[in-house]
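Listed here are the chains, written in short residue letters.
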Amino acid sequence: MFRKLALALMGAAALMGAPAWAQEFPARTVEVIFPWTPGTSMSVTQVIADSMSDKLGVPMTVISTPGAAGTKALETLQSRPADGYSIFDAYVAPLVLQPVLGNGGWSYSDFAPLHSNLSAPFSIALRKGDDRWANFDEMMAWGREHPGELRYSAGARNTLPHMAIAKVLQEYGVVARNIPYAGDAEARRDLSSGILDFAFVNVGAYQRAPEDFNVLLVLSELDTAKEAFGGAPNITELDINLELSGLAPMGWSWWVVRKDTPPEELAVLREAMSATMKDPEVREAISRLGVVPLEWDYDEYEAIVGPVFEQLKSMGDALAWEEEQMDAL
Amino acid sequence: MLIDSLLQGMPLFWQAEVFLLMALGLIFGLLVGVLPGLGPLMGIILLMPFAISLQPIPAMALMLGIFVGGSCGGSISAILLRIPGTPLAAATLFDGYPMAQKGRAAQAIGLAISASALGGMLGGVVLILLAPLLAGVAASFGPPEYAALAVTGLVSIVVVSDGSVVKALMSGLLGLLLATIGTDEFSTGYRFTFGNYNMLNGFHIVAVVVGLFALSEMALQAFGKDLTAKPDIAPVRASFRSVLATLRHWKNLVRSSAIGVFFGSLPGAGGIISAFAAYAVAKAAARPEERYGEGAEGGIVATESANNATVGGTLIPTLALGIPGEATTAIFISVLLVLGIYPGPALFTETPEVVGGIYLVYFSANILLLLLGVLTTPLFIYTLKLRKAHLIPVVLLMCAIGTFTLQASVFDLWVMFGFGVLGTLFRMGNYPLSPIVIGLVLGPFLENNLRRSLLISRDGMGIFLDRPVAAALIAINAVLIAWAVYSFLRKQKTT
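Protein sequences, first through last, are from chains A and B.
Under numbering that gives the first Met the number 0, the letters of the first sequence match residues 0 to 328, in that order.
Under numbering that gives the first Met the number 0, the letters of the second sequence match residues 0 to 494, in that order.
Any given hint might turn out to be false.
Claimed, not checked - Here are the simulated SDA-like cross-link-like pairs (lysine to any residue), alpha carbons at most 25 Å apart as the crow flies:
{"hint": "1", "chain 1": "A", "residue 1": "LYS54", "chain 2": "B", "residue 2": "LEU338"}
{"hint": "2", "chain 1": "A", "residue 1": "LYS312", "chain 2": "B", "residue 2": "GLY339"}
{"hint": "3", "chain 1": "A", "residue 1": "LYS127", "chain 2": "B", "residue 2": "ALA134"}
{"hint": "4", "chain 1": "A", "residue 1": "LYS127", "chain 2": "B", "residue 2": "LYS101"}
{"hint": "5", "chain 1": "A", "residue 1": "LYS54", "chain 2": "A", "residue 2": "ASP259"}
{"hint": "6", "chain 1": "A", "residue 1": "LYS277", "chain 2": "A", "residue 2": "TYR300"}
{"hint": "7", "chain 1": "A", "residue 1": "LYS277", "chain 2": "B", "residue 2": "PHE463"}
{"hint": "8", "chain 1": "A", "residue 1": "LYS127", "chain 2": "B", "residue 2": "GLY135"}
{"hint": "9", "chain 1": "A", "residue 1": "LYS127", "chain 2": "B", "residue 2": "LYS384"}
{"hint": "10", "chain 1": "A", "residue 1": "LYS277", "chain 2": "B", "residue 2": "ALA407"}
{"hint": "11", "chain 1": "A", "residue 1": "LYS312", "chain 2": "B", "residue 2": "GLY188"}
{"hint": "12", "chain 1": "B", "residue 1": "LYS101", "chain 2": "B", "residue 2": "THR348"}
{"hint": "13", "chain 1": "B", "residue 1": "LYS224", "chain 2": "B", "residue 2": "VAL393"}
{"hint": "14", "chain 1": "A", "residue 1": "LYS54", "chain 2": "A", "residue 2": "LEU293"}
{"hint": "15", "chain 1": "A", "residue 1": "LYS127", "chain 2": "B", "residue 2": "THR350"}
{"hint": "16", "chain 1": "A", "residue 1": "LYS54", "chain 2": "A", "residue 2": "PRO262"}
{"hint": "17", "chain 1": "A", "residue 1": "LYS127", "chain 2": "B", "residue 2": "THR348"}
{"hint": "18", "chain 1": "A", "residue 1": "LYS54", "chain 2": "B", "residue 2": "LYS101"}
{"hint": "19", "chain 1": "A", "residue 1": "LYS127", "chain 2": "B", "residue 2": "LEU454"}
{"hint": "20", "chain 1": "A", "residue 1": "LYS127", "chain 2": "B", "residue 2": "ALA138"}
{"hint": "21", "chain 1": "A", "residue 1": "LYS127", "chain 2": "A", "residue 2": "GLU144"}
{"hint": "22", "chain 1": "A", "residue 1": "LYS277", "chain 2": "B", "residue 2": "GLY339"}
{"hint": "23", "chain 1": "B", "residue 1": "LYS384", "chain 2": "B", "residue 2": "GLY294"}
{"hint": "24", "chain 1": "A", "residue 1": "LYS127", "chain 2": "B", "residue 2": "GLU349"}
{"hint": "25", "chain 1": "B", "residue 1": "LYS101", "chain 2": "B", "residue 2": "LEU219"}
{"hint": "26", "chain 1": "A", "residue 1": "LYS312", "chain 2": "A", "residue 2": "GLU242"}
{"hint": "27", "chain 1": "A", "residue 1": "LYS277", "chain 2": "A", "residue 2": "ARG257"}
{"hint": "28", "chain 1": "A", "residue 1": "LYS258", "chain 2": "B", "residue 2": "ASN195"}
{"hint": "29", "chain 1": "A", "residue 1": "LYS127", "chain 2": "B", "residue 2": "VAL468"}
{"hint": "30", "chain 1": "B", "residue 1": "LYS224", "chain 2": "B", "residue 2": "GLY339"}
{"hint": "31", "chain 1": "A", "residue 1": "LYS127", "chain 2": "B", "residue 2": "ASP465"}
{"hint": "32", "chain 1": "A", "residue 1": "LYS54", "chain 2": "B", "residue 2": "GLN54"}
{"hint": "33", "chain 1": "B", "residue 1": "LYS387", "chain 2": "B", "residue 2": "TRP249"}
{"hint": "34", "chain 1": "A", "residue 1": "LYS54", "chain 2": "A", "residue 2": "GLU264"}
{"hint": "35", "chain 1": "A", "residue 1": "LYS127", "chain 2": "B", "residue 2": "VAL136"}
To be verified - Just some of the chain A residues that point at chain B, by a computed CB distance under 8 Å:
{"hint": "36", "residue": "PRO37"}
{"hint": "37", "residue": "GLN45"}
{"hint": "38", "residue": "ILE62"}
{"hint": "39", "residue": "PRO65"}
{"hint": "40", "residue": "THR70"}
If you are wondering where the hints come from, they were derived from the structure by calculation, not from laboratory data.
None of the values given here were measured: they were computed from a predicted structure.
For every residue, glycine included, the Cβ atom is placed at its ideal position computed from N, Cα and C.
Sequences and hints are given; from them, build the entire structure.
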């Protein structure tokens with residue numbers, strides 16, 4: 000117990016400018032650049048960083064660097080030396096989605112992966128007791144007849160949940176008004192009070208209070224995601240084919256470093272993270288936070304992320320379509 | 000039900016480990032609170048990996064200790080050095096520093112610690128008795144109500160300003176303008192970022208506050224002539240009599256604590272707004288001879304009781320609804336989740352012993368804060384005895400370390416420096432600095448909730464009148480603004 004406290008305090012001291020105390024890599028604090036404000040997702044990063052810190056023998060601090068859907072954090076990594084001391088917790092929004100939306104000139108292949116981190120399936124839900132529609136298709140039918148009447152939130156704008164929901168609405172020909180929020184919690188609050196008609200709900204929020212939501216659709220074809228949402232219908236049960244599979248319709252992250260990081264440092268970090276992600280205690284802690292720990296190692300990065308990039312690119316016009324339709328009303 | 004919960008929580012709470020970790024958390028919290036730049040959130044983030052290796056109640060003892068200590072610690076540097084250790088203590092400057100300048104530093108710190116502890120305890124009582132009820136009220140607040148509340152907060156600029164109202168409003172407008180920098184939440188367009196990725200999220204509030212207050216104060220002190228003179232200050236210590244002094248302001252204490260709990264229970268509102276709002280109300284309700292802004296005890300009682308009561312308030316939506324009131328409580332939720340505890344309505348029915356344990360920990364942390372705060376005050380008072388030639392570089396170094404720690408960003412240091420220059424110029428021109436902070440905090444709060452309300456509305460501005468609470472808040476705002484204009488015109492006429 001007190002070893003962990005000592006490491007935490009060493010991390011604090013290191014963050015405040017204490018000198019290095021070892022010689023080989025890593026010889027000083029390794030920083031993990033986290034792209035969102037502190038919260039549950041950051042706690043997942045801290046759990047992994049804490050375990051890796053034990054293996055590397057130096058403190059690992061997680062730095063929250065929010066801004067522009069993760070772009071600020073990604074640019075921060077780019078501005079750091081390629082020495083292995085800066086790791087980016089690369090969520091799909093900054094890594095893949097922003098370039099797809101034309102907001103960044105980088106590609107996922109510009110970074111060297113360490114290991115996959117987490118995935119977080121999500122759903123479209125009504126508030127508890129809202130029985131206006133028996134199922135998702137009924138809500139969509141109502142939405143088609145009342146363009147612009149439905150109000151929904153996917154949390155922040157231009158994120159993966161927003162894009163996936165916009166894609167679903169586009170396929171159904173439903174024009175609904177997106178209400179952006181800085182955080183998911185605020186959106187869920189306004190869903191509960193009836194201000195919003197429907198909202199995206201992630202597994203963590205659902206599992207904390209399943210009785211608060213009436214889940215209409217799980218945005219994943221995976222059985223594990225369906226189970227996590229209490230067996231609610233998923234996208235394979237719809238009449239239309241959304242052509243979304245694997246990680247494409249859900250949130251996820253990989254840890255990456257700059258591509259020009261020396262191979263020796265890269266190998267050390269990869270080994271430590273791979274061991275960490277296999278650790279049952281770490282996986283259990285991550286699962287309790289409402290996300291799914293991933294097992295893909297660095298050599299599967301291209302095979303996993305590549306298709307996601309292609310799928311997101313193919314549905315890249317959904318957000319523009321939504322905006323055009325709302326402007327036309 | 001409530002008593003059962005507390006009784007079931009007692010065995011989890013009554014352990015040496017809990018008290019040890021609570022004390023450790025409080026001391027660490029006071030430390031990160033005192034040091035400019037750091038704060039309770041940073042302290043909690045740093046010790047989170049350690050907390051998840053503990054049992055739930057000891058973990059919460061550590062976390063709540065940091066939160067409670069950190070919410071109070073910022074007042075100590077505000078009183079002694081005119082530097083708010085955290086933005087939470089920015090409003091404590093108004094009367095804390097003048098009181099210290101009059102040779103009453105120990106009493107001022109004693110008042111701040113007592114008010115923090117008593118405010119925290121009152122917040123605890125509300126938390127214990129009314130959590131589910133208040134959570135329901137908070138959940139009914141939507142964007143229109145938040146937008147109306149933000150206007151109320153902005154009106155407080157007029158109340159808290161001591162000198163020229165026009166200068167205060169100009170400072171406030173500068174804060175609002177600065178708040179527009181960054182990424183627009185609605186269009187995702189970049190505003191005033193000038194192609195610099197460091198500005199994609201605007202300026203960090205802590206870098207701004209440290210620059211405005213700490214650097215300007217150090218600059219003005221450095222311009223003085225007696226840099227090497229050793230201040231002749233008799234040894235002083237805070238005493239538990241400060242509790243009685245605080246209780247003499249019991250109406251103010253209760254009112255400010257209620258304001259703190261109220262703002263705390265609203266997700267997203269937070270301690271900075273509650274401290275300024277409590278100060279504005281206390282000042283408006285005070286008699287002229289109390290001389291707010293010149294070292295009034297009531298000013299310290301108002302701000303410190305409010306920002307610590309906010310801690311109790313933020314636990315209400317956190318525990319009862321599973322909705323984090325702010326970043327700090329989002330970390331609490333994470334720690335509890337990792338430890339297998341699920342905050343939300345089911346927490347009260349499925350694990351009442353954990354709820355009871357957390358209540359007891361929070362209440363006890365405030366009592367222990369009083370003890371530790373009074374005992375450690377002499378250490379803090381020691382800083383007043385340092386020669387300025389020694390004090391100024393040490394404070395500047397602490398400011399730089401604390402600000403860099405936020406995001407490991409050199410850019411934040413430049414922001415701090417830039418606002419240090421701005422703060423110095425403003426103070427030389429007698430422009431108040433606090434309205435800049437109020438504008439910076441409330442700007443995004445107002446803009447985003449106003450725009451969100453209009454997006455939600457099917458009737459334009461009508462949404463503000465359709466919802467009773469929003470309409471009532473707007474009516475209150477109209478009265479406050481009319482009163483402010485009337486007071487201003489009357490003052491102009493008499494001078």
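Consistency of the hints with the structure:
1. Restraint check for A/LYS54 and B/LEU338: the C-alpha separation of about 22 Å stays at or below 25 Å, so the hint holds.
2. For the given pair, A/LYS312 sits about 39 Å from B/GLY339 by alpha-carbon distance, which is inconsistent with the 25 Å threshold.
3. As the CA atoms of A/LYS127 and B/ALA134 are separated by approximately 17 Å, the hinted pair is consistent with the 25 Å bound.
4. For a cut-off of 25 Å, the pair hint linking A/LYS127 to B/LYS101 is broken: about 59 Å separates their Cα positions.
5. Between A/LYS54 and A/ASP259, the direct Cα distance comes to roughly 23 Å. Compliance with the 25 Å bound is thereby established for this hinted pair.
6. Taken as a hint, the A/LYS277 and A/TYR300 pair is honoured in the structure, with Cα atoms around 17 Å apart against an allowance of 25 Å.
7. Between A/LYS277 and B/PHE463 the alpha-carbon distance is near 53 Å, which puts this suggested pair outside the 25 Å criterion.
8. Taking the CA atoms of A/LYS127 and B/GLY135, the gap is about 15 Å. The hint holds against a cut of 25 Å.
9. Note on A/LYS127 and B/LYS384: the hinted pairing is violated, with a Cα-Cα distance of about 61 Å set against a maximum of 25 Å.
10. Taking the CA atoms of A/LYS277 and B/ALA407, the gap is near 30 Å; set against the 25 Å cutoff, the hint is violated.
11. At most 25 Å may separate the alpha-carbon atoms for a hinted pair to count; A/LYS312 and B/GLY188 meet this at roughly 21 Å.
12. Restraint check for B/LYS101 and B/THR348: not satisfied, since their Cα atoms lie roughly 53 Å apart, outside the 25 Å limit.
13. A distance of roughly 19 Å separates the Cα atoms of B/LYS224 and B/VAL393; the hinted pair therefore holds under the 25 Å criterion.
14. Distance restraint check for A/LYS54 and A/LEU293: the Cα-Cα separation of roughly 19 Å lies within the 25 Å cut-off, and the hinted pair is therefore satisfied.
15. Only pairs whose Cα atoms come within 25 Å are accepted, and A/LYS127 paired with B/THR350 is accepted, the gap being roughly 23 Å.
16. For the hint linking A/LYS54 to A/PRO262, the alpha-carbon distance of about 19 Å falls within 25 Å, and the restraint holds.
17. With a CA separation close to 19 Å, the supplied pair A/LYS127 and B/THR348 stays within the 25 Å bound.
18. Distance hint between A/LYS54 and B/LYS101 is unfulfilled; the C-alpha atoms sit about 55 Å from each other, more than 25 Å.
19. The straight-line distance between the Cα atoms of A/LYS127 and B/LEU454 is roughly 23 Å, inside the 25 Å bound, and the hint therefore holds.
20. With a C-alpha separation of about 14 Å, the suggested pairing of A/LYS127 with B/ALA138 holds against the 25 Å cut-off.
21. Between A/LYS127 and A/GLU144 the alpha-carbon distance is near 24 Å, which keeps this suggested pair within the 25 Å criterion.
22. For the proposed pair A/LYS277 and B/GLY339, the alpha carbon gap of about 20 Å is at most 25 Å, so the pair holds.
23. Among the hinted pairs, B/LYS384 with B/GLY294 is consistent with the structure: their alpha-carbon atoms are about 21 Å apart, no more than 25 Å.
24. Between A/LYS127 and B/GLU349, the direct Cα distance comes to roughly 20 Å. Compliance with the 25 Å bound is thereby established for this hinted pair.
25. As the CA atoms of B/LYS101 and B/LEU219 are separated by approximately 19 Å, the hinted pair is consistent with the 25 Å bound.
26. At roughly 12 Å between alpha-carbon atoms, A/LYS312 and A/GLU242 fall within 25 Å of each other, so this suggested pair holds.
27. Only pairs whose Cα atoms come within 25 Å are accepted, and A/LYS277 paired with A/ARG257 is accepted, the gap being roughly 24 Å.
28. For the hint linking A/LYS258 to B/ASN195, the alpha-carbon distance of about 23 Å falls within 25 Å, and the restraint holds.
29. For a cut-off of 25 Å, the pair hint linking A/LYS127 to B/VAL468 stands: about 23 Å separates their Cα positions.
30. Taking the CA atoms of B/LYS224 and B/GLY339, the gap is near 60 Å; set against the 25 Å cutoff, the hint is violated.
31. Between A/LYS127 and B/ASP465 the CA atoms are separated by roughly 24 Å; this keeps the pair inside 25 Å, and the hint holds.
32. Taken as a hint, the A/LYS54 and B/GLN54 pair is honoured in the structure, with Cα atoms around 24 Å apart against an allowance of 25 Å.
33. Our distance criterion of 25 Å between C-alpha atoms is broken by B/LYS387 and B/TRP249, whose separation comes to about 37 Å.
34. Simply put, A/LYS54 and A/GLU264 have alpha-carbon atoms about 14 Å apart, close enough for the 25 Å limit, and the pair holds.
35. Taken as a hint, the A/LYS127 and B/VAL136 pair is honoured in the structure, with Cα atoms around 18 Å apart against an allowance of 25 Å.
36. Look at A/PRO37: its Cβ gets to within about 4 Å of chain B, closer than 8 Å, so that hint holds up.
37. At about 5 Å, the closest approach between the beta carbon of A/GLN45 and any beta carbon in chain B falls short of 8 Å, and the interface hint on this residue holds.
38. Evaluation of the A/ILE62 hint against chain B yields a held restraint, the C-beta minimum of about 5 Å falling below 8 Å.
39. With a cut of 8 Å, the hint placing A/PRO65 at the interface with chain B holds, because the nearest CB-to-CB distance is about 5 Å.
40. Among the interface hints, the one on A/THR70 holds; its C-beta lies about 6 Å from the nearest C-beta in chain B, closer than the 8 Å criterion.
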